[in-house]
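Protein sequence lines correspond, in order, to chains R and F.
According to our numbering, the first sequence is numbered sequentially starting from 1.
According to our numbering, the second sequence is numbered sequentially starting from 404.
Derived by calculation from the structure, the hints in this document are not laboratory data.
Note that the structure is predicted; figures quoted are calculated from it, not measured.
Take these hints with a grain of salt, some might be off.
Per label pair, the in silico range of CB-to-CB distance [to be verified]: (1) 328/R with 807/F: 30 to 36 Å; (2) 218/R with 589/F: 35 to 41 Å; (3) 234/R with 695/F: 26 to 32 Å; (4) 749/F with 111/R: 40 to 46 Å; (5) 230/R with 721/F: 54 to 60 Å; (6) 486/F with 123/R: 44 to 50 Å; (7) 234/R with 749/F: 26 to 32 Å; (8) 411/F with 299/R: 39 to 45 Å; (9) 123/R with 475/F: 54 to 60 Å; (10) 78/R with 475/F: 23 to 29 Å; (11) 504/F with 142/R: 55 to 61 Å.
Heads up, the beta-carbon is just placed ideally off N, CA and C, and yes, glycines get one too.
As a plain string of letters, each chain reads:
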Amino acid sequence: MARSDGGTNTVNKPFGLPRWLAAILPIALLALVIAGFFVATPFAGLQGSGAPLPDVSVTHHTIPNDDTIVLHVVNNGPEDVTISQVLVGDAYWNHQVMQGGEEVRTIGARESAQVVVPYHWNPGWDLETALVLNDGTTIHHTIVAPEQSPGVSGDVLWTLAIIGLFVGVIPVALGMLWFPFMQSMSDRALHAILAFSVGILVFLAFDAGFEAFEIAEQVPGAFEGQLLVVLGILGALLIVQAVTKWRSSETGTPSGLWIAYMVALGIGLHNLAEGLAIGSAFAIGRVSLGAFLVIGFMLHNVTEGPAVVAPVTRGSRPSLGHFMAMGALAGVPVIFGGWIGSFAFSPTLGALFLAIGVGAILQVVWEIGGLISRNGQLGSSLNLLGFLAGLVLMYATDLLVVL
Amino acid sequence: MPSHDYKTAGAMTKTLEERLVGALKGESIDRRTVLGGLGLAGAAGIAGFSNDVAAAGDHDDTKHHGNFGAVGEYSSTQFDPHEYLYQFNTGYDGQESVEQEVYFEGDQRVRRFELNAVDTEIEIAPGITFSAWAYNGQVPGPTLRVTEGDIIEVEFTNRGRHAHTIHPHVKNINPAMDGIPTNGPGVLETGESYTYRWKAQPCGVQFYHCHSLPLKEHIHRGLYGVIIVDPDPEQVRENPRDYINYDGPMTDDLVSQLVTKAESRNHEYDEGEDVNEMVMVMNGFDTNFDGDNEVYAANTRAFAYGVGDTDGKGNWEPGETKRPIQVDGQQLQRVYLVNAIEFDAINSFHTHSNFFDYYDHGTTLTPTLKTVDTVMQCQAQRGILEIDYSDHEPGLYMFHAHQSEFAELGWMSFFEVV
Numbered sequence: 001m002a003r004s005d006g007g008t009n010t011v012n013k014p015f016g017l018p019r020w021l022a023a024i025l026p027i028a029l030l031a032l033v034i035a036g037f038f039v040a041t042p043f044a045g046l047q048g049s050g051a052p053l054p055d056v057s058v059t060h061h062t063i064p065n066d067d068t069i070v071l072h073v074v075n076n077g078p079e080d081v082t083i084s085q086v087l088v089g090d091a092y093w094n095h096q097v098m099q100g101g102e103e104v105r106t107i108g109a110r111e112s113a114q115v116v117v118p119y120h121w122n123p124g125w126d127l128e129t130a131l132v133l134n135d136g137t138t139i140h141h142t143i144v145a146p147e148q149s150p151g152v153s154g155d156v157l158w159t160l161a162i163i164g165l166f167v168g169v170i171p172v173a174l175g176m177l178w179f180p181f182m183q184s185m186s187d188r189a190l191h192a193i194l195a196f197s198v199g200i201l202v203f204l205a206f207d208a209g210f211e212a213f214e215i216a217e218q219v220p221g222a223f224e225g226q227l228l229v230v231l232g233i234l235g236a237l238l239i240v241q242a243v244t245k246w247r248s249s250e251t252g253t254p255s256g257l258w259i260a261y262m263v264a265l266g267i268g269l270h271n272l273a274e275g276l277a278i279g280s281a282f283a284i285g286r287v288s289l290g291a292f293l294v295i296g297f298m299l300h301n302v303t304e305g306p307a308v309v310a311p312v313t314r315g316s317r318p319s320l321g322h323f324m325a326m327g328a329l330a331g332v333p334v335i336f337g338g339w340i341g342s343f344a345f346s347p348t349l350g351a352l353f354l355a356i357g358v359g360a361i362l363q364v365v366w367e368i369g370g371l372i373s374r375n376g377q378l379g380s381s382l383n384l385l386g387f388l389a390g391l392v393l394m395y396a397t398d399l400l401v402v403l
Numbered sequence: 404m405p406s407h408d409y410k411t412a413g414a415m416t417k418t419l420e421e422r423l424v425g426a427l428k429g430e431s432i433d434r435r436t437v438l439g440g441l442g443l444a445g446a447a448g449i450a451g452f453s454n455d456v457a458a459a460g461d462h463d464d465t466k467h468h469g470n471f472g473a474v475g476e477y478s479s480t481q482f483d484p485h486e487y488l489y490q491f492n493t494g495y496d497g498q499e500s501v502e503q504e505v506y507f508e509g510d511q512r513v514r515r516f517e518l519n520a521v522d523t524e525i526e527i528a529p530g531i532t533f534s535a536w537a538y539n540g541q542v543p544g545p546t547l548r549v550t551e552g553d554i555i556e557v558e559f560t561n562r563g564r565h566a567h568t569i570h571p572h573v574k575n576i577n578p579a580m581d582g583i584p585t586n587g588p589g590v591l592e593t594g595e596s597y598t599y600r601w602k603a604q605p606c607g608v609q610f611y612h613c614h615s616l617p618l619k620e621h622i623h624r625g626l627y628g629v630i631i632v633d634p635d636p637e638q639v640r641e642n643p644r645d646y647i648n649y650d651g652p653m654t655d656d657l658v659s660q661l662v663t664k665a666e667s668r669n670h671e672y673d674e675g676e677d678v679n680e681m682v683m684v685m686n687g688f689d690t691n692f693d694g695d696n697e698v699y700a701a702n703t704r705a706f707a708y709g710v711g712d713t714d715g716k717g718n719w720e721p722g723e724t725k726r727p728i729q730v731d732g733q734q735l736q737r738v739y740l741v742n743a744i745e746f747d748a749i750n751s752f753h754t755h756s757n758f759f760d761y762y763d764h765g766t767t768l769t770p771t772l773k774t775v776d777t778v779m780q781c782q783a784q785r786g787i788l789e790i791d792y793s794d795h796e797p798g799l800y801m802f803h804a805h806q807s808e809f810a811e812l813g814w815m816s817f818f819e820v821v
């Protein structure tokens, strides 16, 4: 066996090593280097005495009753932090720092805790709070117009389910009722409707995308909120695309029904995020989102119905079961989102869900584009105007749900 | 025409008033009232939702509204604000941490002290430390107590990282001794020493602090302390007019009254024994470098003279490190009060349920304010308070800064009269 690296027999045994060893070798060497780095501490001379600065964030607050405020705190940093005192409205106030049911002062790296403050707040009057760490660092958190959080109960679950029904399921179902009318349309008009639904989806993608980046700013630093959103968007896009490709390699080009389901999924994920927004508003005591928001979301979501059914208006009509399934896929996530948002809200989760929704929507946009261009001309003036109409309508109905 | 002017003025006032009311109404309607009202109506309308789900349940009546105050006790034993109240360094006698002696140059008495500046960590609220620059490792620095006419000799050594000085608030006739960067030795770099000599004049409660630049930081970090110059009864007898803000006839009665007062304020006379004398330095600490103090205190530690643990209903226990100042109600209480606050223009001292006499800067032997319960001091202003609790029932009497913000951030205290 030739051992020279100029030879041709090194393919199976590079440098004469077995393949598995060649695969592992770089990793083993890296481990060695890292270990050596820790042992030798070559940067010790550069470090000085500068300890890392404490990095603590108040992710959100809950207000369980009219005498208590709870601040939810995460220690993002690599070092323990000690919460020594708490200020409410520029006054030292008594409080307890709770972690897993136990009273603590020090929070470990990447750990979270709740700061429970007995404080008789006034509904609607902003509260300035600050955690004072042992080195005097202050972590500020403003509770804007405090309202009581509903807490966990069957009542709340029921309320959120009802709201979800009104916000998600009913409008989408109503929108789907345009199906018979759309069936009677010419190809040109139908393509315009498809372009219109693309407009709606693109607008939703921007809407949810901006929202995701906004929430990402509240994500504790350790989780890299902005990059998490990027990962969520690209990840969802690529996974949905991979699934579609895998399916189309088995059944040929994606059927209209498959695309319709994909649209429903994308919209469903977006609506899950909508539900999260409603649920977390509940969790932080913004029960008052109420009527306006519900009506706004209803108008907004009714336009999602035609977007779902548009891909199946040609060819044989799917069975009613498919329609119900697609409606549920698009609408029911609002309810789940509401529940998740009210009981397990975290900015990290919120941003991630929104990002996944954006990714799924973008993939669907791509797919519908393909659907139109297979049967007609994608960039016709009617289609472009339909697309624009979708954007404009979304913008207009979005004005009704600005929080 | 006057009547016309009155009319105009009246109309103008009314307009302004209405505009103000309108503006205030608009503010609250804008976001809160409407949003809350609509929202509740909406939520209730849709689902019959009741928003007091979690409100019912645990109402702990004893702590219904919570209490202000710092949670926990102090853990550092480096400095005790209760000891500091009564720590006077006279050269004859004082803290172990301050090298001191008294010697004579002919007839002239010299009180000699050694002060040094160090960088240290101090605890300013339970669990909160502050990187301080401190004379002899304590904030405020050691209290120097001398008699007027003495020479105060301070051998100052800088053991800190930055350049420091000592600038005295006394009548000082030698510019080299002023302790500022441009005069005499200027600022002292790390390791350098200099001996300042100041004539102790005038009598009163005086102040010393570092005068290096940036000035704000050098003071705020803790380089300040108190010099008490006791009046000399002999000098008072000779020049009584120097000690009173009064131009009328100087009767023998008045002179002996002033001399008695001087004896009561002089630590070398027995008359002083009847008075409980305390030093309080009002200070604050900006812990997050935003130019605003997070902690306020009398003598550095927030709430150190508070009640310890209280339910806010009169039931309380003294803490290990946070407890009221116990005083004998039959003794006159004399507070040497100095305002060393930084970042706030003024500070104040307010007694509950009692009025006191106030001697601004302590340079007179008759009060500059009689029967007041609140005094205001600007930065570096100081004065002597004489408080009489002899006709009060035993118990807790609060005193604090009457900037309520300062009080709630730590400058809140109690005398416990026994």
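Evaluated hints:
The hinted window of 30 to 36 Å between residue 328/R and residue 807/F is violated, with their beta carbons roughly 58 Å apart. In this structure the supplied range 35 to 41 Å is violated for residue 218/R paired with residue 589/F, their Cβ-Cβ distance being about 51 Å. For the pair residue 234/R and residue 695/F, the beta carbons lie near 44 Å from each other, so the given range of 26 to 32 Å is not met. In this structure the hint that residue 749/F and residue 111/R lie 40 to 46 Å apart at CB holds, the actual value being about 43 Å.
Between residue 230/R and residue 721/F the beta carbon distance is about 57 Å. The supplied range of 54 to 60 Å therefore holds. The supplied range of 44 to 50 Å is met by residue 486/F and residue 123/R, whose beta-carbon atoms lie about 47 Å from each other. Take residue 234/R and residue 749/F: their Cβ atoms lie about 58 Å apart, and the range 26 to 32 Å is violated. Separated by about 53 Å at the C-beta atoms, residue 411/F and residue 299/R break the suggested range of 39 to 45 Å.
At roughly 31 Å, the beta carbons of residue 123/R and residue 475/F sit outside the given window of 54 to 60 Å. Range check, residue 78/R to residue 475/F: Cβ separation about 26 Å, and the 23 to 29 Å hint holds. In this structure the supplied range 55 to 61 Å holds for residue 504/F paired with residue 142/R, their Cβ-Cβ distance being about 57 Å.
When the structure is compared with the earlier hints, violations turn up for hints 1, 2, 3, 7, 8, 9 and for no others.
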